[in-house]
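Given chain A's structure and the hints, the job is docking chains B, C and D onto it.
Here is what each chain is made of, one letter per residue.
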Amino acid sequence: MVTKERLAEFEDKFKGEIKEKKALTPTQILYLVDKKDLPDMAHYLQYHPEFDESYYVMGIGSDERQLAGKFAYAPVINMLDSSGKRENFYVILKARLDKDNPEFPSVAQKLPAALWAEREVRDLLGFKPLDHPDLRRLIVPEDWPEGVYPLRKDHEYNASPPGELQNAYKEVPADTSTVPIGPYHMALDEPAHFRLFVKGEEIVDVDYRGFYSHRGIEKIGEGRLTYNQIFYIAERICGICGFQHSCAYAMAVENIAGVEIPARAQYIRTILLEIERIHSHLLWAGVACHLVGFDTGFMHAWRIREDPVMWLPERLTGNRKTYGMNVVGGVRRDFLDYRKKEILDKMKQLRKDVENLYSIVTSSDILIKRAKDVGVLPYKVAKDYGVVGPTARASGRNIDVRRDHKVFAYKHIDFDVPVYKEGDVLARVLVRLDEVLQSINIIEQAVDQMPEGDIFTPIGKLPAYQESLGYTEAHRGEVIHYVLTGTNNKVYRWKVRAPTYNNLPAVPEMLKGYRVADAPLIIASIDPCYACTERVQIVDVKTGKVKVLNEAEFNELSIEASERL
Amino acid sequence: MVIYLLELSLSLFVLGAISGLVLEYKSVIRLSSAFATLASLSLIALIVEAYGHLPIKGEILGTPIMIDGLSLVFLTIIGVVGLADAIYTFNYMDKYEKLGKAWVFALAYNAFLASMVLIVTTSHLVWFVFWWEIMTFSSFVLVVWDEKDSLWAGVEYYITMHLASTLPLLLAMAIGYSVVGSFDGMGFSDVAAHIGTLSPGLVKLLYASFLLAFMAKAGVVPLHFWLPPAHSSAPSDVSTLLSGVMIKMAVYGLVRTTFFILKPTVTFGYLVAMLGVVTLVVGTLYALKQTNAKRLLAYHSVGQMGYIWLGVGIGITLIGNSNSTLAFIGALGLTAGLFHALNHALFKGSLFLSAGAIEYASGTKDLNRLSGLYKLMPWTGIFALFASLGISGVPLFNGFVSKWMIYEAGYYSKNFWFVLGALFALLISAVTLASFVKFYNSAFGGEPNELTSKAKEVPGSMLIGQGILSLLCLVIGVFPAIALAIATLPVGKGVITTGVLGLSFHSIYFSPVLMAIVFGVIFVAFLLLLPPKAKETAKPWDCGSTLFPEATYRLRASDYYRPYEKRISAFYALGGFFGDLGSEVINRTIAAYVWVGKYFVRTAEIPWVTVKDVDDLRDGMTLHLDDALIMPVVRFVKVVGILSKAAVLLVLIIVAAVLAALIW
Amino acid sequence: MNSTIFLLSFLIPLALGLIEFKLDKKKADIVMLISALSSLALTSYGLAVFLGNRGIYHLVYIHSQGLGEVFGFVVDTMSVLMAFIVSLTALLILLYAIDYMSPTNKLNPVESGKGTFYGWMLILEGAVLGFLFSSSLLSFLVFAEVIAIATWGVIRYYKTPNARQAANKAFGFINLSMLFGLLLVVVFGLVKYHDTSLYALGQLSSKATLWVFLGVMLTAITMSSQFPLYSWLPDSTEAPVPASAFIHSIGAVEAGLFMMVRIVQFMNGIPKTAYYVIALLVVITQVMSIFYYPLQKDAKRLLAYSTIAQVGIMYVALLGAILGSAGGLQASVYQLFNHSLVKSLAFLVAGTFGFSFGTFDMKKIKGLRWILPGAAVGWFLALLGLAGVPPMGLFLSKANVIMTGTMAVRGASWIEWIPVLLVLVDATIFFMVAVLWMKSMLFGEPSYEKGKISPLMYAVLIVLIVVMTVSPFLTLHLTESIRFIGG
Amino acid sequence: MMERISIVGIVAGVVITALLPPFLDGIARRVKARVQYRVGPPIMQTFYDLQKLFGLPSLRPTENKWFRVAPYLALASAFSAAFLLPYGKWVPVKFSGDIVVFLYVLAMVSVAIIIGAFSTQNAHSNIGGHREMMMLLSVEPILGIALGIFAFKAGTLSLSEIPLKVPASFSTVLAYLLLIYAAYAESGFVPFDVAEAETEIAGGVLVEYSGRLLGVLEYAMLAKRLVLLWLLSTFLTIPILRGIQLTGIAGGLVVLVVQLILVLVAYPIIAALEATNARYRIDQAVALNTRIFLLSLVVLAVAAVGW
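Protein chains in written order, with my numbering: chain A, 3 to 567; chain B, 1316 to 1979; chain C, 2 to 488; chain D, -19 to 287.
If we strip away everything but chain A, and leave its shape as in the complex, we get:
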């Protein structure tokens, strides 16, 4: 709930530019503003003295020519109140852009956090961010022709125009040699290309090129599937944070429908979210060990991940991953009471195993040596880039959506959010290890407190052309979905922003000044999830051909994506 005076100041400051204001939900305020002051507003909000943890979340670009005859570009700021009152809320600054010449003053020139968002809208919608620092193409592949914008409504989702190869890479700095990491490299579990410019083994500069695993998710979602069908896609955005995505999506739609889902459903979602978190962190710990050549740690971490961590959801949901539990308005399947004990036992076993694992991992001090004072990300940089999740918390950012926005059952459960100041890889490791223990707490509490009652409130027809945000704290940070409904239960615009999307741009900053030997560890230390980051249009980089996806194929693809780990 946001009180007037919190916003009054802002509204006075930009009185002239603010055309219209509406509260999508009590904590989501949307301003319809004039485009020319976007940078100032965004900057003002992000660096507001009373909201020092607040950050730039994402930039939504949408083709609203059918609604308003104009394009729309909407930066979103997550306002985190540091005055103790914890009145946190999202601000959406929506600006309409001319339909023939969709140009706007770049927010990125003031906020590095907006760099990727604006490169994305340029690639996909053909917007023109003025004085953007670096407008190389980000998402569409090297051989995608200029002037073809897949996310515009008038672009057929399966059209694949021919184009010729063009260079979107940085120049090689003088007196350096180049070391590629990826697309195919032992250190990466998904395709991505880091181009390290090194002097000896010291990294001078880094170029990143990714989005090799685009799938037509947003485009396919828009205008073709109904809001319930989209769950299939939403959950398959990523094999690891699938449930997070589906929850975030569900939340957005439920906000639009204006329903509050039953308490029991909220608890069930919470438990599964935490199980997923534990799974992800263990998996990551394993990978990290492997990267520094400590395979024993790797093996043990993954052993624990098998049982109990994946054993449990199989019992609860029928799937080891990709639970498929969500439905708009609640969950599909209820937990039978006798499962409660099972969960608690497994949690006990898990706690033991995890502590055992820690002792194994920390037994080799070389591991600590490798992680300490490496890949440092200072607080300020973390804020500028709007870094989220454990990466941010390791740099002293005290942010956590679960707590700050009181999603689902977390409001009833007490847990603390580990924060470290150091900002190096070791801090990121520690944050995650702490979080595993926290999650176990949360699950046990949740199982105890879980109320009786039904697990689902039906939702009828959705109102047309309503918009809202949904969000959860995934294990990599804030997952956020934006939904704009269309006519008859279709979705007009569905925008997904995974945490890695905010974290990845900060990686080059972490790499600079460290050694080639550190690079894999540093890259891995943000626990990058390319599958999440790189949704949108499907293009096979090799051939440049677009595959037409029906739902079935689509599921297979998603399953592959999840099995890639």
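Hints are not guaranteed to be accurate.
[Claimed, not checked] Selected chain B positions facing chain C (in silico; Cβ < 8 Å):
id, residue
1, PHE1452
2, TYR1473
3, ILE1474
4, LEU1482
5, ALA1489
6, SER1493
7, GLY1912
Rather than coming from a laboratory, the hints here were simulated on the basis of the structure. By construction, the Cβ of each residue, glycine as well, lies at the ideal position given by its N, Cα and C atoms.
For chains B, C and D alone, kept in the frame of chain A given last:
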């Protein structure tokens, strides 16, 4: 006969020297190189001729000649390296055609070689010094050849030589003369005979001045600073002579003077050996940092000189020892030192020629910009590799045998300091290896880049030049007997028994041939057992990235061993400190001079100039003491206006006085 | 031993020199050539004859009761060789002068008045030759006076204020020194012994020896511009280059030393005091010149200071002689021969700078090897030669000086080592200065357009280079026959 | 020359150096698997791997022929080094004063690998090569000094005589520790496997190699490890057994067997060490080595003092 051969080669050198009269650049170069080649050949003939019956005495143009084992070792160096270098020069010097002055080259080049021949053959101290000076002089002319960055290097070299090498030698010569008392009586043996009559102080002075002179010429730390710039900025064929032959003259001088004029004393020996150890450590560790091909090689010349001095030092210390075993070890050390000098001449000569070939073909000697030359100049590549392995002391190459002998000598001396020295020598040779891995791979490894892709294999004569030396590295490495036959001459037979199969000295035995057979058999066996089947080619694995900058996909020379150098940065810091100290001393001296100089110059006329350096003083008007005394009088007289009359008056007075005296 | 050869060899130049004043242009050249050539011919013939039957011949021409030996000859290796070298150098210098003293000269073109120049030069040459053979202090005095006058004449030749001043200075200094030195000695000799013959020097009492020595020394060191009165020599570079070349290589400077050598040759039992006095003066001179070298930017002045130092070195050798080693005499004379050749080369090369670029400022001259290759080579050799680098002769003579010096002072107190070691220091400093100047002058971007000098000048330079390189090896053994004569 | 060669030694050397390494590696893999709660591959797995690799053709990333020759050079060097070591009482090729030879020949393995790695235009393999060189640079001194101390104490430079003569003393004990460390580091076991470092530089020196060439290269590396281990076991065995009068064939065999047993015991321990360690960064490795090097100088001084 031998003397005739010597005269023949000298006269050929003279012909080469005056071949400048032909004027046309290319033909001058060709002609002088041809004569130099012939002269070197006749030198080699001389060696063969003289081998059986040493020593040989004689006289050429009034300079007494004495050829003994020691001279023969160094004549071999001059002959072989000179031969290869002269052949190499046929085409190499075309690079400098636009500079003209071919006749100067002919003159200096031949004079350089001839002077060194005379240095090692004369038995007369004054002539020794004379030819020594000629050598320095002509080498200076050759060093400053390209007249660009070499100028300063050359000046630095020449001045250093004059201060630290010529002066002490002149002093030593004077002291020698003071006991002999006649110009003709300045033969080594005569001086040695009279040395007893000197006061101990003067004897010490004699040792000191000889040591200093040869340290400076050999580039022994701390007098090595001139060497890298001079060797790296000279034309490569000259660098070869400088590094391959000239600095060996210092070794010759050291051995000659120590054993034939002075007496080898223990302290002197220790001094030499320790200087050697310090030098080999400093030189080689600095070489590790270099990225300029020729600078790298030059620093290694310093390092290798350290090895030689270590060997010779052990020799000087122990050879006079009462314990026969130790005396024997001393002889071994001396032999090892001389042998290493010979080997160093071979591989370092070859390496400099290769560096020259690289520069000739690609136009740069900056290792950072080179790449993939092996594809384009395979022969140079092979030769460079052999020479590199030779200098790194890899078994089956010549460097190994001599280094091994030095280690053995140092070790069996049973003297902790020598053992330590030998150990350091051993460790440092790993550093040598490292820096040649860098030298070879950054030039020849990888694929050609846009700079080197235009390069092509150098002309035949240059290849022959490299080939002679670098193949000798391999041959001597496998059959050391060939070279040892000569290297053992100075200490006489019996120290080391060498056969075709191997070399042995009291219970120590090593047979490179056996080693070669073992290695070769295994190698060939595996090659036959599992012949490499690699038909299909592919471009190097770049992680499947698109539009990848292939040219930068390799380690640059300046990036090698960064962590290691960081580890030992303290050492480099120390070196830097001493460097600064040196330059500081020089600056202070100049400042002091300027301060004094102010009193010799009236700077009042110079408007708005604060005198900082000598050049400012030059614009002033020089003052004279007597002026200061007499000019006032003169001015006064001038004011009175009768100066000319006064002069006449003066004359009249004198004449009058004379007349008066007459009439007396 | 027929000595008329030598008599003619200096009378001809003196006579023809007087005629020259009336002539100019071609005629002057011809007359000059005649005299110079003839004197060279005579001296060389004399040399040949002398080498045929060596010895020390003493001939007396004029002898009077009151004045004892007024005019006579001492013909020995030293004087004969010296005479030969003087006439040879003189010829070369004068040949050079033919083209140098011409309208094409950039620095100071000469339209007319060559005659006067030749006149003075020939008189100078004649006087020097006469001086060499003189056998009595009296004739030394007379010839010295002539030398002084002729020097005055050539220095003031351009008649610029500086030239006049320099000329007067040279004249004044030399005469001053004679007034209190040689003149007194001569007067003293005449009054007391009625004889000034060199041969008489042997019989002097040690006290008298000391005073005579000091008196002569005063004049000698002034003529050869050592410490107390030295500055006339640097200033004398105002003279035309050939003149300077003459003065510096075989003129008053060397005459002074020559006289000194003669004195030492004939005296015996020279007291130690004399040694210390002269040693002191020489040391001071050396140190001074060490300080002067780097301050010069004018080529000729640099050479002038080097002359001072070089002659100083000759005196150092003489010190050895005073301590009683004949080697000292030899070394000193040997140094004298080599120096005169190298120095004349140096001056003639420097002359080409003025001739073709119109400046002697070494700062202004760059890239010499591109614009005047011949001069570049000459300059290179001349400077290094002066610094004592082989194969140029000064290396051997300096080595000689040091060796004999060391032998003389071996076992003596450290003080007596100082002059000997100073020779090394001096050589080194000059060497550094020379090398640095060469670096800046010979190479790099040319600062003037291509200069040209006449073939004759080239020829002279080449001949000089050859002679300079060869002669040391020829004269080395000849000088060894120089011994003490007196007593 | 024949008296320098021992046929028995050669046979033993060939058999042991050729067959033991893959077998040992198999054991190591098994041990690691156990530590990681895995079943692990069969003991013979490394043989199968090599067999497979030998069967496959190789790709050629460069025309530079050293790329193809290098693996064989490495292998030959490793075997030559093995031939200098005593097997029982038999030394295949016996020089006196061959410690130096041994060190150099051993270094040749790395040199060959490095030349191969640098012959290609590939930063990964170049970095691997220069790491290998740096390891050599920082470990070789320690090995050298350790052996130097033995030699100094034993009074000979002959590899086969040192163990017979080396006295038991304080410095010798320290020298053993140094030797063990140096051998372990030189063999490139974890945490010193910086030159291959698969997850960092994609296999480093190996990245461009494939098929048979890769097989030969890995074989060479394994052989080198064995040689070092054999050196160690020799230095441990003979001093222990020299007290007991071992004469004739039997004695020789006994020594040989003990050597073998030592090796077989040592390898699993090494494997366990590997399994419980992460990889050093190159600068950390070099730092550690230089520290040990300084320590070894102290030990040398101790030896010189005579303790």
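> For this structure, which hints from the list above don't hold up?
Replying inline: none
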